[in-house]
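> Quick note, the sequences are listed as chains L and B, same order. Following the working numbering, the numbering of the first sequence begins with 827 at its first residue and continues without gaps. Following the working numbering, the numbering of the second sequence begins with 2 at its first residue and continues without gaps.
Take these hints with a grain of salt, some might be off.
What the hints assert, rightly or not - Below, computed lysine-lysine pairings styled on PhoX-like, alpha-carbon distance capped at 20 angstroms:
| hint | chain 1 | residue 1 | chain 2 | residue 2 |
| --- | --- | --- | --- | --- |
| 1 | B | 71 | B | 57 |
| 2 | B | 37 | L | 870 |
| 3 | B | 37 | B | 57 |
| 4 | B | 60 | B | 37 |
| 5 | L | 841 | L | 880 |
| 6 | L | 877 | B | 98 |
| 7 | L | 877 | L | 867 |
| 8 | B | 52 | B | 71 |
| 9 | L | 880 | B | 98 |
| 10 | B | 37 | L | 867 |
| 11 | L | 867 | B | 98 |
| 12 | B | 37 | B | 58 |
| 13 | L | 904 | L | 877 |
| 14 | B | 98 | L | 870 |
| 15 | B | 98 | B | 52 |
Claimed, not checked - Just the calculated beta-carbon pair ranges, DEER-fashion:
| hint | chain 1 | residue 1 | chain 2 | residue 2 | range |
| --- | --- | --- | --- | --- | --- |
| 16 | B | 39 | L | 870 | 17 to 27 angstroms |
| 17 | B | 56 | L | 870 | 41 to 51 angstroms |
| 18 | L | 888 | B | 97 | 37 to 47 angstroms |
| 19 | L | 842 | B | 81 | 41 to 51 angstroms |
| 20 | B | 82 | L | 865 | 21 to 31 angstroms |
| 21 | B | 8 | L | 939 | 26 to 36 angstroms |
| 22 | L | 879 | B | 83 | 11 to 21 angstroms |
| 23 | L | 867 | B | 29 | 18 to 28 angstroms |
| 24 | L | 829 | B | 82 | 38 to 48 angstroms |
| 25 | L | 854 | B | 31 | 23 to 33 angstroms |
These aren't lab readings, by the way, just hints derived from the structure by calculation. The structure displayed is predicted, hence computed values, not measured ones. Glycine included, every Cβ here is placed at the ideal spot set by N, Cα and C.
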Amino acid sequence: EAGVTQFPSHSVIEKGQTVTLRCDPISGHDNLYWYRRVMGKEIKFLLHFVKESKQDESGMPNNRFLAERTGGTYSTLKVQPAELEDSGVYFCASSQEWATSYEQYFGPGTRLTVT
Amino acid sequence: GQQVMQIPQYQHVQEGEDFTTYCNSSTTLSNIQWYKQRPGGHPVFLIQLVKSGEVKKQKRLTFQFGEAKKNSSLHITATQTTDVGTYFCAGLGNDYKLSFGAGTTVTVRA
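Okay, chain L solo, but in the shape it has when bound:
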């Protein structure tokens, strides 16, 4: 069974540019989560999809971040325009269930550097 995949693995962009991150969850997992880890700090929740619907987007920092999951399969996270403080590792995770607290399977992450 393929795991969660993310693309790209690394991205270096200049302040003001746009970047789009992609996540492909494990097949059959309705729940998809985005997290971000800034160096040395906690893994911070951004948002949670159940199929194509946003279940919880309370962790999204501001309106420069836009997440979509059209069709309920893969998801994209767009940052536009990027700022220096957006640098960090963006993880995607998926799970079969959520209210019953199933384990989450993490992807390898996308390391975003904004210069």
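Take the given structure of chain L and dock chain B to it, following the hints.
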């Protein structure tokens, strides 16, 4: 929202020694999960604790969930070089959202 504090942030251990990492939540948790991230890798689920006072073991790893379901610990005995990495606790609140601690990064000297 809830906050999960994890200490210590760094743990440098002599091979063969034991160590413990601790998590404390500002609110009562539904459950707590532990993840391990190897250097250059991504978080991998280790275990989940649900019941008050629950204790689970995985070989040299012992996980505990406090009676009040607000704290947890991970104790590793006889540390090996394969234990290197960052250990995260993550508490599931009543909003079904995981709140991660900052992690304990473990290095081992042979």
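> Run every hint past the structure and note whether it holds.
Here is what the structure says about each hint:
For the hint pairing residue 71/B with residue 57/B, the CA-to-CA distance comes to about 17 angstroms; that is within 20 angstroms, so the pair holds. Only pairs whose Cα atoms come within 20 angstroms are accepted, and residue 37/B paired with residue 870/L is accepted, the gap being roughly 16 angstroms. Annotation: proposed proximity of residue 37/B to residue 57/B holds, straight-line Cα distance about 16 angstroms (limit 20 angstroms). A threshold of 20 angstroms between alpha carbons decides the hint, and for residue 60/B with residue 37/B the separation of about 15 angstroms falls inside it, so the pair holds.
Among the hinted pairs, residue 841/L with residue 880/L is inconsistent with the structure: their alpha-carbon atoms are about 28 angstroms apart, more than 20 angstroms. The suggested pairing of residue 877/L with residue 98/B holds, with an alpha-carbon distance near 16 angstroms, which does not exceed 20 angstroms. Only pairs whose Cα atoms come within 20 angstroms are accepted, and residue 877/L paired with residue 867/L is rejected, the gap being roughly 29 angstroms. Using a Cα cut-off of 20 angstroms, the hinted pair residue 52/B and residue 71/B holds, with the two alpha carbons roughly 11 angstroms apart.
Note on residue 880/L and residue 98/B: the hinted pairing holds, with a Cα-Cα distance of about 13 angstroms set against a maximum of 20 angstroms. Between residue 37/B and residue 867/L the alpha-carbon distance is near 15 angstroms, which keeps this suggested pair within the 20 angstroms criterion. Of the supplied pair hints, the one linking residue 867/L and residue 98/B holds, its CA atoms being roughly 18 angstroms apart against a limit of 20 angstroms. The suggested pairing of residue 37/B with residue 58/B holds, with an alpha-carbon distance near 15 angstroms, which does not exceed 20 angstroms.
For the suggested pair residue 904/L and residue 877/L, the alpha carbons sit about 18 angstroms apart, so the restraint of at most 20 angstroms is met. Taken as a hint, the residue 98/B and residue 870/L pair is honoured in the structure, with Cα atoms around 11 angstroms apart against an allowance of 20 angstroms. A threshold of 20 angstroms between alpha carbons decides the hint, and for residue 98/B with residue 52/B the separation of about 18 angstroms falls inside it, so the pair holds. Between residue 39/B and residue 870/L the beta carbons are some 20 angstroms apart, a value that agrees with the proposed interval 17 to 27 angstroms.
Distance hint check for residue 56/B and residue 870/L: the Cβ-Cβ separation is about 29 angstroms, which falls outside the suggested range of 41 to 51 angstroms. Under the hint 37 to 47 angstroms, the C-beta atoms of residue 888/L and residue 97/B, about 24 angstroms apart, miss the expected range. Checked against the given bound of 41 to 51 angstroms, the beta carbons of residue 842/L and residue 81/B, roughly 47 angstroms apart, stay inside it. Remark: the range hint 21 to 31 angstroms for residue 82/B to residue 865/L is upheld by a beta-carbon distance near 24 angstroms.
Between residue 8/B and residue 939/L the C-beta distance comes to about 29 angstroms, which sits within the given range of 26 to 36 angstroms. For the hinted restraint 11 to 21 angstroms between residue 879/L and residue 83/B, the CB-CB distance of approximately 41 angstroms leaves it violated. Hint check: residue 867/L to residue 29/B, Cβ distance near 24 angstroms, so the stated range 18 to 28 angstroms holds. Hint check: residue 829/L to residue 82/B, Cβ distance near 25 angstroms, so the stated range 38 to 48 angstroms is violated.
Take residue 854/L and residue 31/B: their Cβ atoms lie about 24 angstroms apart, and the range 23 to 33 angstroms holds.
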